[in-house]
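Generate coordinates for the entire structure from the input sequences, incorporating the hints supplied.
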Amino acid sequence: MLSAFTGTAAFNISGKTLHSLLKLPRSLKPPYQGLGNALDEVRAGLRDVEILIIDEVSMISKDMFAYINWRLQQIKGSKKPFGGISCLAVGDYYQLPPLGKAKPLCVFEEDVLDFWKDNFQIITLTEIMRQKEDLAFAELLNRLRVKQKTEALREDDRALLLQAVKKPEDCPCDALHIFATNKEVHKYNTETVQALYPDIITIDAEDYRKDPRTGGMKRQNKPVIGKKDDLLDTIQVAVGVRIMVTRNLDVEDGIVNGCFGKIGNIVTKTKDGIATVQMLGLQLDNPNAGQKHRKKVGGEEDVLVYIERSEENLRKGAVRRQFPIKLAYACTAHKVQGMTMQSAVVSLKKIFEPGMAYVALSRTTSLHGLHITDFDDKKIYADPEITASLQAMRRSPVEEIMALLQHVRENRQEHTLTIVHHNTEGLGPHIEDIRCHHELQHADILCLTETHLTGSSTSSDLQLEGYNLFTRNRHVSYSTHQEIGKKNGGGVAIYCKEHIPTQPRQYIQNVTDLEFVVIKLDSPIKAAIVAVYRPPQYNVGDFLTNLKSMLDYLDLAHNDLVIICGDFNEDLLHTGKKPILELFQARGYTQVITTATTEKHTLLDHIYISNPDLCLQSEKNIVVLVLKVLKGPHS
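Residue numbering for the sequence shown follows my numbering, starting at 1 and increasing by one per position.
Hints should not be assumed to be uniformly reliable.
Derived EDC-like pairs (lysine to aspartate or glutamate); straight-line CA-CA distance at most 16 Å [to be verified]:
#1 Lys29 with Glu169
#2 Lys520 with Asp560
#3 Lys167 with Asp374
#4 Lys349 with Asp376
#5 Lys349 with Asp377
#6 Lys487 with Asp522
#7 Lys292 with Glu252
#8 Lys167 with Asp376
#9 Lys292 with Asp302
#10 Lys548 with Glu582
#11 Lys16 with Asp63
#12 Lys103 with Asp461
What follows is a set of in silico ranges between Cβ atoms, one per label pair, in the way DEER data are often shown [unchecked claim]:
#13 Lys228 with Asp111: 24 to 32 Å
#14 Asp560 with Glu498: 52 to 60 Å
#15 Thr276 with Asp302: 16 to 24 Å
#16 Glu308 with Pro287: 16 to 24 Å
#17 Lys222 with Thr268: 16 to 24 Å
#18 Leu113 with Arg587: 52 to 60 Å
#19 Ile123 with Arg154: 25 to 33 Å
#20 Pro287 with Thr150: 39 to 47 Å
#21 Glu599 with Thr458: 17 to 25 Å
#22 Asp376 with Gly84: 22 to 30 Å
#23 Gln291 with Glu311: 23 to 31 Å
#24 Thr150 with Asp111: 26 to 34 Å
Bear in mind the hints are in silico, worked out from the structure with no lab data behind them. Ideal Cβ placement from N, Cα and C applies to all residues, glycine included.
If you want it as structure tokens, here you go:
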């Protein structure tokens with residue numbers, strides 16, 4: 001499940017806001033408020049969620065993170081951290097912390113609820129995306145990101161930044177201006193609109209209070225004074241004016257807080273000679289935003305998204321109706337966090353906290369698009385507590401997360417053959433997962449069990465680019481035990497890279513009741529690769545009879561090496577007899593998997609090798625890795 005704190009960040013990843021996803025209250029202070037009657041609805045929506053991805057995690061306060069933990073525990077009915085769901089938190093703590101005086105999640109405080117320190121480990125991403133076309137600028141920003149207040153700016157970095165320094169009057173007026181304070185933003189927006197548009201319409205908020213005489217809501221003669229985060233008291237508009245949406249009107253459609261655009265139409269209604277604004281038609285900058293809300297005008301689709309007034313409660317029982325927008329020729333550094341733009345004008349004059357200058361300077365995709373006013377290198381500095389906290393965090397080596405990918409990159413040799421076995425629990429439903437899995441695609445040979453395929457032909461939807469596919473379905477695998485053959489499930493398959501010459505064997509004499517596929521290779525090594533599946537209900541004695549016949553055939557075929565992998569449903573970590581393992585050992589095979597391969601910490605998936613001594617030669621060395629996969633209980 002993809003999520004983020006802000007609507008803009010959520011829309012960028014096609015996710016949901018955390019408030020919407022988890023139905024979080026406006027106040028996130030303890031004590032925890034349960035979901036009440038909404039529990040069943042939320043629980044149903046998140047029933048199958050195993051991983052929660054939180055983008056722009058630096059924006060999330062510790063109070064909110066605690067609430068996320070408690071909410072997931074309630075939804076999942078588990079006291080495990082985050083209800084047993086895996087959380088992938090993505091973001092940059094060197095950016096701005098949550099609004100207010102709260103410290104970021106990664107900074108531990110003794111007297112504050114902490115669900116970060118003991119639960120998360122860090123993986124550092126190294127590929128730059130926003131400034132990937134301007135490497136010198138990207139490297140400069142990486143140094144500014146961690147620069148300490150007591151550290152002098154490097155001379156080469158100063159020289160690069162000075163290339164972007166301009167006088168205010170020389171900066172492009174159509175570029176977004178980024179300031180540190182709301183006061184600077186308000187001043188620039190007001191002056192710009194008044195200079196560009198002579199026919200400005202002022203829209204007052206419609207504020208209502210309860211009339212003590214009638215008990216009904218009565219409109220006030222003028223707007224009450226609201227708080228900073230309330231819908232605005234007054235808005236100045238004109239056709240063409242740059243605006244920003246200030247509320248999440250439809251996250252899935254991209255009409256979100258922080259969405260930029262301009263006013264394309266003002267719809268008014270006249271009553272008693274007085275014209276009032278009924279709707280505003282917005283032309284949003286992001287062409288993908290607002291597609292569901294665009295109106296048809298004269299039979300043709302309009303590019304405008306029409307919005308009406310939103311209604312919100314104010315202090316002291318007042319209710320306000322106002323358009324959820326504000327002028328956007330300028331905005332604060334806090335507001336642009338997470339955004340990417342081609343051009344921006346950044347004022348460093350009143351920067352007042354760590355990370356603020358870095359956030360403002362790093363929004364553009366190139367140095368050419370950056371224009372700096374009021375340059376002051378003393379305003380560029382990071383929070384030393386963040387540096388110390390990140391250095392103290394547990395590291396998660398990439399080798400553990402992407403074991404096969406890392407091994408293939410570092411050890412690719414001419415005589416290396418990479419074989420992966422995976423219990424797929426349904427190839428059809430999970431073919432896209434296999435296509436998207438960055439590690440499985442590094443396999444030369446991919447052996448799958450429990451494919452759940454039926455029929456005599458293989459659908460083209462199951463083809464993997466660059467591979468040949470060999471399958472054997474359950475219903476053709478049983479002659480004597482037809483009661484098993486008639487059951488759903490089971491089946492095996494092998495994908496083999498197209499450049500590897502392959503001879504498949506799907507039918508072997510005296511093997512009448514076994515789900516298997518055999519392929520024979522002559523290069524890069526001479527070997528037979530076998531995929532096998534034994535259903536839990538299949539009698540071990542009958543299974544062993546057929547397995548012996550298959551091993552006899554493989555012995556007679558004069559293979560230098562035989563590798564047999566599959567789900568044998570015999571737990572090698574459990575005490576007691578292990579007849580399948582004992583048969584293979586009696587035939588000279590070595591079983592190479594030593595760690596659990598399922599969520600229940602059982603070792604049901606085995607890999608047997610006929611000639612381990614051959615594999616220990618330097619050019620044919622075997623390395624065994626157990627990968628973690630996201631679908632199903634098997635690794």
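Against the structure, the hints come out as follows:
{"no.": "1", "hint": "Lys29 with Glu169", "result": "violated (46 Å)"}
{"no.": "2", "hint": "Lys520 with Asp560", "result": "holds (11 Å)"}
{"no.": "3", "hint": "Lys167 with Asp374", "result": "holds (8 Å)"}
{"no.": "4", "hint": "Lys349 with Asp376", "result": "holds (7 Å)"}
{"no.": "5", "hint": "Lys349 with Asp377", "result": "holds (10 Å)"}
{"no.": "6", "hint": "Lys487 with Asp522", "result": "violated (36 Å)"}
{"no.": "7", "hint": "Lys292 with Glu252", "result": "holds (9 Å)"}
{"no.": "8", "hint": "Lys167 with Asp376", "result": "holds (14 Å)"}
{"no.": "9", "hint": "Lys292 with Asp302", "result": "holds (11 Å)"}
{"no.": "10", "hint": "Lys548 with Glu582", "result": "holds (12 Å)"}
{"no.": "11", "hint": "Lys16 with Asp63", "result": "violated (19 Å)"}
{"no.": "12", "hint": "Lys103 with Asp461", "result": "violated (50 Å)"}
{"no.": "13", "hint": "Lys228 with Asp111: 24 to 32 Å", "result": "holds (28 Å)"}
{"no.": "14", "hint": "Asp560 with Glu498: 52 to 60 Å", "result": "violated (23 Å)"}
{"no.": "15", "hint": "Thr276 with Asp302: 16 to 24 Å", "result": "holds (22 Å)"}
{"no.": "16", "hint": "Glu308 with Pro287: 16 to 24 Å", "result": "holds (23 Å)"}
{"no.": "17", "hint": "Lys222 with Thr268: 16 to 24 Å", "result": "holds (20 Å)"}
{"no.": "18", "hint": "Leu113 with Arg587: 52 to 60 Å", "result": "holds (58 Å)"}
{"no.": "19", "hint": "Ile123 with Arg154: 25 to 33 Å", "result": "holds (28 Å)"}
{"no.": "20", "hint": "Pro287 with Thr150: 39 to 47 Å", "result": "holds (46 Å)"}
{"no.": "21", "hint": "Glu599 with Thr458: 17 to 25 Å", "result": "violated (29 Å)"}
{"no.": "22", "hint": "Asp376 with Gly84: 22 to 30 Å", "result": "violated (49 Å)"}
{"no.": "23", "hint": "Gln291 with Glu311: 23 to 31 Å", "result": "holds (25 Å)"}
{"no.": "24", "hint": "Thr150 with Asp111: 26 to 34 Å", "result": "holds (28 Å)"}
Hint compliance for this structure: hints 1, 6, 11, 12, 14, 21 and 22 are broken, all remaining hints hold.
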